[in-house]
Amino acid sequence: MNDMRPLERIVDTDTVKISARNVQVHYGETHAIKDVDVDLEANTVTAFIGPSGCGKSSFLRCLNRMNDTIDICRVQGDILLDGEDIYDKRVDPVQLRAKVGMVFQKPNPFPKSIYDNIAYGPRIHGLARNKSELDEIVEKSLRRGAIWDEVKDRLDAPGTGLSGGQQQRLCIARAVATEPEVLLMDEPCSALDPIATAQVEELIDELRQNFSVVIVTHSMQQAARVSQKTAFFHLGHLVEHGETGEIFTNPRDPRTESYITGRIG
Amino acid sequence: MHHEEQHISKAFDRDLEAIQAQIMKMGGLVEAAIVDAAESLAMRDEDLAKKVVDGDKVIDELDFTVNEEAARTLAIRQPSAFDLRTVLSVIKISNNLERIGDYSKNMAKRTGVLVQMSPIEETGPAIRRMARAVEVMLKDALDAYVQRDPELAEDVRQRDLEVDQMYNSLFRNFLTYMMEDPRNITACMHLHFIAKNIERMGDHVTAIAEQVIYLSTGHIPEDPRPKGDRTAFETTGGH
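Residue numbers (our numbering), protein chains in the order written: chain A, -14 to 250; chain B, 25 to 263.
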């Protein structure tokens, strides 16, 4: 029976991209993430959902060591990217973040031109040997960010002069410019109108061809629309992780059910 | 159970309750239609038959309302999980109830014709027993729905076999009557359609029971339910 489902909903790979085992996160005395075990697949959009303060953003930030920037934060357990421990002493967090890119809730373009916003990452990571290669990367990234047609005639204009939706797509283009393998998105659409949201969601679906995408969202409908896998967090625990359609029609855990159906749980 | 907790949005709870109240109202009317139609046939009561025919309009209107309310809920609330299954199941249950109502109406219409002919002995009570069995199944299926009881629903599903067997037995009786005396043919043809329609009602009740199982468990039962209708392979000369 399952074979009759529309093809694109089937995750066509079971290659594990990121594997987390027994992950604990403390902020000072606060135990924010408790015993999280999860495998995130390649070429798959995984949505993290859960009420505010449930730990989904904290866990997301573990995946590219953004928590390193917080002094009181302690991360324990194993997080493997393609089987390599990302918390190993030999791993350079800056190199890691080139492989595991991030897009934030609020669009945060650099106070530079549109061109330089995109070119910044490839420059510092030495991805282009000359100007024409850099031009190519900029164009390709802006096309991937579905914003090329809107900005191609004003690449020298400041990125901050774009509309909110355009700025967010610029940030996504910037994140993909370094050819990351994983893209982390922390509520990328919460500041966008429905049209810009739809454009970003369409973009996420296209990005899945090349990247693993992990998206934190407060919108159940968005999680249902864009992801193939959904993980539900509650009070620091990963309660349930499974195929998105299954989670939204027949969740196994009562806490998941209460949350996604808008009940007091 | 967890889905008996209230929604944060109380209007959502009220909407879901209102749709389900309409299903229960429809179910009550359809149960009465089955019983009345069979009673009108057994008692040769034309007035009661007419009441069943006229009453079908209300059932159709309720089906329309349920579908409209369900569509509205899908559009406005985007229900998920148990709520989604509730909305999907009311659409299907309403559709099945509406069809059972149609079959009852058809039975009552044929009663109007049959009362003009001389009765075929013993068939009225036999059809009434069969209709009664389906009506009890429907009542149990709707109880199972209200109580979210997949076990009772499965029991209903299994009981459809008995209705199929009653139909088989009537089918053979009608053949015998028709072979005995060709003047019985017109009446027996009508009676056979009635019996076949009641057998189909049983299938629709089974479909309702399957929706209850889907609603409660998230899965449609996959095992084939017992099939008792063998008349597709029946001949007159095979003795």
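If you're looking for bench data, these hints aren't it; they were derived computationally from the structure. Check before you lean on any hint, since a few could be wrong.
Said to hold, decoys possible - Here are a few chain A residues that sit away from chain B, every Cβ distance over 10 Å (derived from the structure):
id, residue
1, Ala131
2, Glu242
3, Ser243
Stated by the list, open to error - Rough simulated footprint, nothing fancy, chain A against chain B, three-plus residues with beta-carbon under 8 Å:
id, segment
4, 51 to 64
5, 113 to 120
Claimed, not checked - What follows is a set of in silico ranges between Cβ atoms, one per label pair, in the way DEER data are often shown:
id, chain 1, residue 1, chain 2, residue 2, range
6, A, His203, B, Asp84, 36 to 46 Å
7, A, Glu187, B, Gly52, 43 to 53 Å
8, A, Thr145, B, Met48, 52 to 62 Å
Just so it is clear, CB atoms sit at the ideal spot from N, CA and C, and this is done for glycine as well.
We went through each hint and held it up to the structure:
Every Cβ of chain B is farther than 10 Å from the Cβ of Ala131/A; the closest lies at roughly 25 Å, confirming the non-interface assignment. A beta-carbon of chain B comes within 10 Å of the beta-carbon of Glu242/A; the shortest separation is about 5 Å. The beta carbon of Ser243/A sits about 6 Å from the closest Cβ of chain B, which is not more than 10 Å, so the claim that it is off the interface is violated. For the segment 51 to 64 of chain B, the assignment as covered by chain A is violated, since 0 residues bring a beta-carbon within under 8 Å of that chain's beta-carbons and 3 are needed.
With a threshold of 8 Å between beta carbons, the proposed coverage of the segment 113 to 120 of chain B by chain A is violated, since 0 of its residues qualify and at least three are required. At about 42 Å, the beta-carbon gap between His203/A and Asp84/B stays in the expected band of 36 to 46 Å. Separated by about 48 Å at the C-beta atoms, Glu187/A and Gly52/B satisfy the suggested range of 43 to 53 Å. Evaluation of the 52 to 62 Å hint for Thr145/A and Met48/B yields a pass: the beta carbon distance comes to about 59 Å.
The earlier numbered hints that this structure contradicts are 2, 3, 4, 5.
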